[in-house]
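**Student:** Given next are the chains, with one letter for each unit.
Protein chains: 2
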Amino acid sequence: MTQLEQAKKNKITAQIRKIAHQEGHSPQSIREKIAQGKIVIPYNKNHRPKKPYGIGQGLSTKVNANIGTSADFFQIKKELQKLKAALSAGAHTIMDLSTGGNITQTRQAILAHCPVPLGTVPIYQAAVQAVKNFGSIDNMTVKDIFRVIIEAAQDGVDFFTLHCGVTIESLNRLKQEKRITDIVSRGGAILAEWISKNRQENPLYKYFDEILDICRRFDVTISLGDGMRPGSIADATDRSQIQELILLGELAQQAQAKGVQVMIEGPGHVPIDQIQTNVQLEKRLCHNAPFYVLGPLVTDVAPGYDHITAAIGGALAGAWGADFLCYVTRSEHLHLPTAEDVKEGVIVTRIAAHAADLAKGIDRAWDWDKKISQARRQRNWNKQIALAIDQERPKKMRQRFKSNIRDACSMCSEYCSLKIMDRLNKT
Amino acid sequence: MTQLEQAKKNKITAQIRKIAHQEGHSPQSIREKIAQGKIVIPYNKNHRPKKPYGIGQGLSTKVNANIGTSADFFQIKKELQKLKAALSAGAHTIMDLSTGGNITQTRQAILAHCPVPLGTVPIYQAAVQAVKNFGSIDNMTVKDIFRVIIEAAQDGVDFFTLHCGVTIESLNRLKQEKRITDIVSRGGAILAEWISKNRQENPLYKYFDEILDICRRFDVTISLGDGMRPGSIADATDRSQIQELILLGELAQQAQAKGVQVMIEGPGHVPIDQIQTNVQLEKRLCHNAPFYVLGPLVTDVAPGYDHITAAIGGALAGAWGADFLCYVTRSEHLHLPTAEDVKEGVIVTRIAAHAADLAKGIDRAWDWDKKISQARRQRNWNKQIALAIDQERPKKMRQRFKSNIRDACSMCSEYCSLKIMDRLNKT
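Residue numbers (this note's numbering), protein chains in the order written: chain A, 1 to 427; chain B, 1 to 427.
Just chain A, same shape as in the assembly:
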């Protein structure tokens, strides 16, 4: 039985208990929300991640890191370095988005070293194999797609991104919309080409029920992908995006009815003033299924700094109720990320998630800020750094430009406001 099926039958699993403890909630309340489809625990029976996490309403905001090869860079060793960097920076989940080299071997190597839930996008591998074996994406068969899905589920993948909402209907709406950046989802574009060239419905939509059978068997959580996500500010929240979201909401209901856990993926590039609308629409149209956002990036003009444009959007989306933030690295729009990019991306996205948790009123988040601020008040830099979200960088920085005054920093030196106030409070 899946986590969802057990929750519906009033059973509290070991994973629910673990997560309840982690988050400071009662197991009963977590179970109830899983049964309602508001929380998921990605946990494939063939992987059994040592560190499972709950994603959804009332829980702390989680962070995913994408790694994986491309046709240009495909050393498995490098991907394992990125995995390590992501884990030590505190990523809650990993996605392997490989499209280069030996994709099966890469996935299996990552799974073997991954104590947290792992996600993949099966359509990538199906498309890459179709190009390799038959010369083009449109020659990919339904059988090829299912073969990859079954293999990945058997290998132990904990959640799948499936772009089920890229359908004949949503593609027609896309054409009429006349976007600036059309489709920017890799999976979305692959399926758009396949659908258009074969004049057939998206197999992930048409055979959704069969996919549910596979996911149910291994308890793979489905992450309904947003193939229509906007790739530029001007395209945000348009008809094709919202049309797809309506479809995803329907599919989510179908999955939950069959005992399969499900979450919904969201944009993308969205201006700040449309982020609340995007979160509310997802929550309403998808009956409060957990919302998993990629960014959103709040402007298009900052290549090289998109970890920051995404952190701004992610913090805000989280504050409005998004449950799960996919990191974006500084290499977005430019190149495959390095291990260094991965590390920074995870830290920055954890900052956004934590800022969201403060806005969500999560007690443990508030306690953390109080503790570090008390250390700051005491001008105890060692304690402050020990409590920091990343210790390595502030430690180096402090050592490099020390003040001549022991209990101050070189910005204010003896005119440190906290030092002045301490002196005043002592008189």
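Treat the hints loosely; a few may be bogus.
As the list makes no split between identical chains, a pair holds if one copy fits it or if it spans any two.
In silico DSSO-like cross-links for lysine-lysine, where the CA-CA straight-line distance does not exceed 30 Å [stated by the list, open to error]:
{"#": "1", "residue 1": "LYS178", "residue 2": "LYS383"}
{"#": "2", "residue 1": "LYS45", "residue 2": "LYS9"}
{"#": "3", "residue 1": "LYS383", "residue 2": "LYS258"}
{"#": "4", "residue 1": "LYS396", "residue 2": "LYS78"}
These are calculated hints, taken from the structure and not from any lab test.
Given the coordinates of chain A, work out where chain B should sit on it, guided by the hints.
**Tutor:** Just chain B, lined up with the frame of chain A:
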């Protein structure tokens, strides 16, 4: 006559004309808002910055960069390097916050090389000189403070931060509040100590009218400082902060009545869900005087990354209506910033300001995003980089990890969604 006095008399100055052209508004509408106190143009008659900027309602969000010496690092040469870094990164204004070395010489050297408005905090120099000459801050006299104000105004400083709201009244409220981080404003702490030890009212409050005379003479814009700004998430939006804001609103009215331009400084450390409240309160309590925020930092836990915690808060504050963002560098809470920190700080804060401008619905901001996204759609990386908010970093990054495919990047290579969609659209 000051810009405000002229605007009130229906006169359109050369600076109004320049700014109207810059922002794509009519000179008449800018003039009207200056007369109403909703826009300021910091422009000291003795400096006459070549690049004046308007700050306030309806205009694009502006970015300030703080530079200046401390008691630990006080080379004028280094400060001029930071000035250059800030200007080439696109800062709209500079503040010289020097508290070390020869403060007068540093200010004059910066002014000589500064084509944009320059701000200072006169109380810093008065306090440093008091410590040097009389051994302690409390020995600073009212005359000392006025001497610095007059000198700096004569030198050509375009705007002064004056912590006039740190009064006996607001300090009493602060004591009752029992904050975690007490006062974190350097100027605020200096004045708190002076007021408490001398048992006298804040001279910047008591003699505000005399200060107005000086500012009016040179047309120095007053930036009413928030000495009570919260230095931790737990202290945000508390009684002492709002008490001070009420006082600042009253003083702003007094300044405007006397023909002196004025803006209001804001926090600080504020959780995401309190940012809207902070902006609305400022706009209401200060009758829409321009709002100049320091961050706000949306969490306390990220030393080493506070350019990012501030960018999140700044973008959001700007989207809600803040007019002017003071950058925060990664060195905040750790050390005096380097030229490298300054550059990065300005770029990141400009990203936040631009994201806010998109939310504010500023047409030119939307045009910029459209243009870069069109270049992205065309997979024209040279054009994309030429249009980027910073060209240097993405250029280096793209060259370092190129794809084997000319018109793709190494993240997706031949599976670039835009490439697939182009192929599909051509069939």
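**Student:** Give a verdict on every hint.
**Tutor:** Structure-based check of all given hints:
For the homomeric pair LYS178 and LYS383, the shortest alpha-carbon distance between copies (22 Å) is at most 30 Å, but the shortest distance inside one copy (54 Å) is not. Taking the shortest Cα distances, LYS45 and LYS9 sit within 30 Å of each other inside one copy (19 Å), while across copies they are farther apart (77 Å). In this assembly of identical chains, the alpha carbons of LYS383 and LYS258 never lie at most 30 Å apart, being 50 Å within a copy and 49 Å across copies at closest. Taking identical chains as interchangeable, the C-alpha atoms of LYS396 and LYS78 lie at most 30 Å apart whether they share a chain (26 Å) or sit on different chains (21 Å).
Violated hints amount to a single one, hint 3; each of the other numbered hints is respected by the structure.
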